[in-house]
Amino acid sequence: MRLSIILLIFSSVLFGQSADSLFNLANRYYETEQYQQAANVYERLSREVEHEDLYLNLGNAYFRMGEVGHAVWAYEKGHSLSPRNADIDHNLNYVQSQVRDRIKRPEDFFIVAFYRAIIEKMTILDLLTVGGLIFIGLGGIYVLRINGTVSGKVGSVLNGALLISIIASGWIMLDKYWDVSDKHEGIVIVSTVDVRSAPIDRGENVVFRIHEGTKVDITTSQPGWFEVILLDGKKGWIPAEEVRTL
Amino acid sequence: MIKKGIYWALSPFILIGVLWSQATVTASVDVNRISKNETLGFKIVAVNADGTPNVDISPILKDFKIVSGPAQQTNIQWVNGAMTSSRSLSWTLLAKKDGNVNLPSLNVTIGKQVYRTNAVGIRVEKGAGRSQMANLFIEAKADKEQAFPGEQVTVTYRLLTRVNLSIEDIEYPKSVGFWNEDLRVAQTVRFRDTQIQGVAYKVATLYKAAMFPTQTGNLTIEPMTVICNVEKPSRRRTGGAFDDPFFNSMFRETQRQFIQSDSIKIEVLPYPISPPADFTGAVGRFDIESWVDTPNVKVNEAITFKVLLKGTGNLNQFNMNDISFPQNMEVFPPTASFKRDEFRDELTGEQNFEYILIPRSTGNFHLNPVTLTYFDPRSVSFVTARSKPLQIIIKPGEKDVIASTKFNREDVALIGQDIRYIRTKAPKWRQKGQQSIPIWVWSTYFIAAALFVFPGIFTKMKDNRISTADFRKSRGALKLAIKDLSKPVEDPFANTAMVMYRYFQSKLFLSSENLDPLALEMELTGKIPSDLINETVSISKLCDAGRFGPDAAKSEDILQSKAIELLKKIDRELS
Numbered sequence: 000m001r002l003s004i005i006l007l008i009f010s011s012v013l014f015g016q017s018a019d020s021l022f023n024l025a026n027r028y029y030e031t032e033q034y035q036q037a038a039n040v041y042e043r044l045s046r047e048v049e050h051e052d053l054y055l056n057l058g059n060a061y062f063r064m065g066e067v068g069h070a071v072w073a074y075e076k077g078h079s080l081s082p083r084n085a086d087i088d089h090n091l092n093y094v095q096s097q098v099r100d101r102i103k104r105p106e107d108f109f110i111v112a113f114y115r116a117i118i119e120k121m122t123i124l125d126l127l128t129v130g131g132l133i134f135i136g137l138g139g140i141y142v143l144r145i146n147g148t149v150s151g152k153v154g155s156v157l158n159g160a161l162l163i164s165i166i167a168s169g170w171i172m173l174d175k176y177w178d179v180s181d182k183h184e185g186i187v188i189v190s191t192v193d194v195r196s197a198p199i200d201r202g203e204n205v206v207f208r209i210h211e212g213t214k215v216d217i218t219t220s221q222p223g224w225f226e227v228i229l230l231d232g233k234k235g236w237i238p239a240e241e242v243r244t245l
Numbered sequence: 000m001i002k003k004g005i006y007w008a009l010s011p012f013i014l015i016g017v018l019w020s021q022a023t024v025t026a027s028v029d030v031n032r033i034s035k036n037e038t039l040g041f042k043i044v045a046v047n048a049d050g051t052p053n054v055d056i057s058p059i060l061k062d063f064k065i066v067s068g069p070a071q072q073t074n075i076q077w078v079n080g081a082m083t084s085s086r087s088l089s090w091t092l093l094a095k096k097d098g099n100v101n102l103p104s105l106n107v108t109i110g111k112q113v114y115r116t117n118a119v120g121i122r123v124e125k126g127a128g129r130s131q132m133a134n135l136f137i138e139a140k141a142d143k144e145q146a147f148p149g150e151q152v153t154v155t156y157r158l159l160t161r162v163n164l165s166i167e168d169i170e171y172p173k174s175v176g177f178w179n180e181d182l183r184v185a186q187t188v189r190f191r192d193t194q195i196q197g198v199a200y201k202v203a204t205l206y207k208a209a210m211f212p213t214q215t216g217n218l219t220i221e222p223m224t225v226i227c228n229v230e231k232p233s234r235r236r237t238g239g240a241f242d243d244p245f246f247n248s249m250f251r252e253t254q255r256q257f258i259q260s261d262s263i264k265i266e267v268l269p270y271p272i273s274p275p276a277d278f279t280g281a282v283g284r285f286d287i288e289s290w291v292d293t294p295n296v297k298v299n300e301a302i303t304f305k306v307l308l309k310g311t312g313n314l315n316q317f318n319m320n321d322i323s324f325p326q327n328m329e330v331f332p333p334t335a336s337f338k339r340d341e342f343r344d345e346l347t348g349e350q351n352f353e354y355i356l357i358p359r360s361t362g363n364f365h366l367n368p369v370t371l372t373y374f375d376p377r378s379v380s381f382v383t384a385r386s387k388p389l390q391i392i393i394k395p396g397e398k399d400v401i402a403s404t405k406f407n408r409e410d411v412a413l414i415g416q417d418i419r420y421i422r423t424k425a426p427k428w429r430q431k432g433q434q435s436i437p438i439w440v441w442s443t444y445f446i447a448a449a450l451f452v453f454p455g456i457f458t459k460m461k462d463n464r465i466s467t468a469d470f471r472k473s474r475g476a477l478k479l480a481i482k483d484l485s486k487p488v489e490d491p492f493a494n495t496a497m498v499m500y501r502y503f504q505s506k507l508f509l510s511s512e513n514l515d516p517l518a519l520e521m522e523l524t525g526k527i528p529s530d531l532i533n534e535t536v537s538i539s540k541l542c543d544a545g546r547f548g549p550d551a552a553k554s555e556d557i558l559q560s561k562a563i564e565l566l567k568k569i570d571r572e573l574s
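Chains A and B, in that order, give the protein sequences. In this text, residue positions in the first sequence follow numbering that gives the first Met the number 0: the first is 0, and each later residue adds one. In this text, residue positions in the second sequence follow numbering that gives the first Met the number 0: the first is 0, and each later residue adds one.
Keep in mind the hints are simulated off the structure, nothing from the lab. Check the hints yourself; a few may be wrong.
What the hints assert, rightly or not - Cut-off 25 Å, straight-line C-alpha distance, at most; resulting in silico cross-link-like pairs (BS3-like, lysine-lysine): (1) B:K140 to B:K201; (2) B:K431 to A:K120; (3) B:K431 to A:K182.
With the rest of the complex left out, here is chain A (with noise of 0.2 Å):
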């Protein structure tokens, strides 16, 4: 048992050094312009272990090699992991303005958009560290209360808002869990690719078109083919091996 936890740690330490001595690998390809070779080593780092800047780098790669596509889907891998790391959200703009498709959402009613723009620029882990703050706070007015440093009136008003918070901050997390187990997207990675009405290889059921680096919800799946529906709500099937899952 105490064997085997000491193999693990070492293990680790010895996986730590060799994804860091990769890492360093591919920043070095990257530095002398051999952005496929730099790709291909973070894309083998992105294999076993993730973080924000891996694919802040791998974009860059792909970027540079003229790959919009799997730029976009490297963007937004890291922008998941960190939704407000500056130099991803930077780069990922920058890209998408490239992008071919402009496809708008439809205006939001503005609390809608502002109840998104929390979703989306909050991790999981951060909404679940919230949800801990606030619960101190439930506590430290109930201990107050229980000391009589807080009167009675002040307390209640206090104590309501806080537990409407927590539930409030409970939800969205619950929302956001589900968002993030239940969407699946992707990004196109070829130049151009026709959107069908039917998971069938036909030259009628194109229903329109859409170009490299565009995001897609995937709805369903068959084998080979993908049911997408775009932001504005554009919906088709597509081949399976044209878009990069998110």
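Since the structure of chain A is provided, determine the placement of chain B on it from the hints.
Structure of chain B alone, referenced to chain A:
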């Protein structure tokens, strides 16, 4: 009757037969000999054509200029039941060159058929000889035949006439390779009387221009064309009620006439000497003056620096040499104005430049002379005109304003956009798919839970402590008493008494505040042996008596230790 019916029945075919008879196309001119400045009427007639003739006129444009046309005319004649139809197109042409000129054969398309006209030979006599004797001509004259680039060539166009006329339109000469400055454009034509070789003419200057060649080589100023209505001598000369000069002028018949001047050839020579480096194309004679409005100013006050360039030549067609201003003097771009002297044939005028200078530091400054290098065609040499140098004295201002006002703060402008660079430092890796919740997230929940749970436990403990307080006090009574008695004090009698009474109060749960030896004896009776009671009472009595008692002096030192021994013994009995 039958005969008549047949006739009627056949008539359409007869008509068609007539119409379908062979069409002929001919070209003709109204006159075969013309002088160069005279126009020529050219006519193409298609007889028996069943459609409008379409003529490709382009071949004649080589030697002729179309003044007007084509005018169309259609004639239908019935002669003895036979119909002749003729359609004609006519032009007014002006010959471009003299000598024998051919009006070439032209292709005329009627319907789907193509006909060719006959060529017509024209003799154009040289204009000059005849025009002197002509009633009407334009004289084109340049003041020189050779010029340098930028040197003014004055061109004058004069209309000389022996007939009454009115001018309808003037086509001014166009010229390639010249900068053209109009000197005089005739708004209303005024005639003067003059005589040429004894012949009286009326003369009017139509146009005068200053032409400045911009390139070297043989350049041509194209001819000027004037359309005028010329009065014809009246035909009704013989008798009649209206044979009167007054009525003659009323019933004047006029004829449109086109007159063209000769073209002028100018030979533009290159400069005989290679121009100096600061030569910017000024040709003529120029003078430069410069001055400032005030030579004494304070720092940050504006000075107006004026440059006046005046002279004759191709003004407006060259740049002034750059003026080098002293450093730490802010210079605003100049305003320029140009004033031309209207009453001279040579382009003469003044050019004014006004610079605003703002000195940013004190001192004496020299403003360098303003120079202009020009080519003087009279002396055939390059001359540099220069103004006098100026001196300005800058005194310190009222307040010292920071000198560097040259830079305004501005937003950082984005020049280009790109992705941000990669992260080069290896991060703390997370194993893929093993995202655990860090300890500090959990700890917030633990702390919160603790905050809810601990107050309850705390209260319970506090209650417990309160309920067992007396018991604990009685248990700790001896310890406290020994501690208090071991300390050396000023008044051992009072202290010993107080400690002893407090011990008994705690140990025996006595509530009464004031104990005395008698009450103590009563309380202790039955709980401890009587010898101990006696000893206790004696000690307490001794203490009450205090240091003023009979044995005070000898018992003072041992009183406390004695009390400790006693209390130890009593405690053993009581517990």
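Outcome of the hint check:
Straight-line distance between C-alpha atoms of K140 of chain B and K201 of chain B comes to about 17 Å, which keeps the hinted pair within the 25 Å bound. A threshold of 25 Å between alpha carbons decides the hint, and for K431 of chain B with K120 of chain A the separation of about 22 Å falls inside it, so the pair holds. Straight-line distance between C-alpha atoms of K431 of chain B and K182 of chain A comes to about 19 Å, which keeps the hinted pair within the 25 Å bound.
Against the hints set out earlier in the document, no violation occurs for any number.
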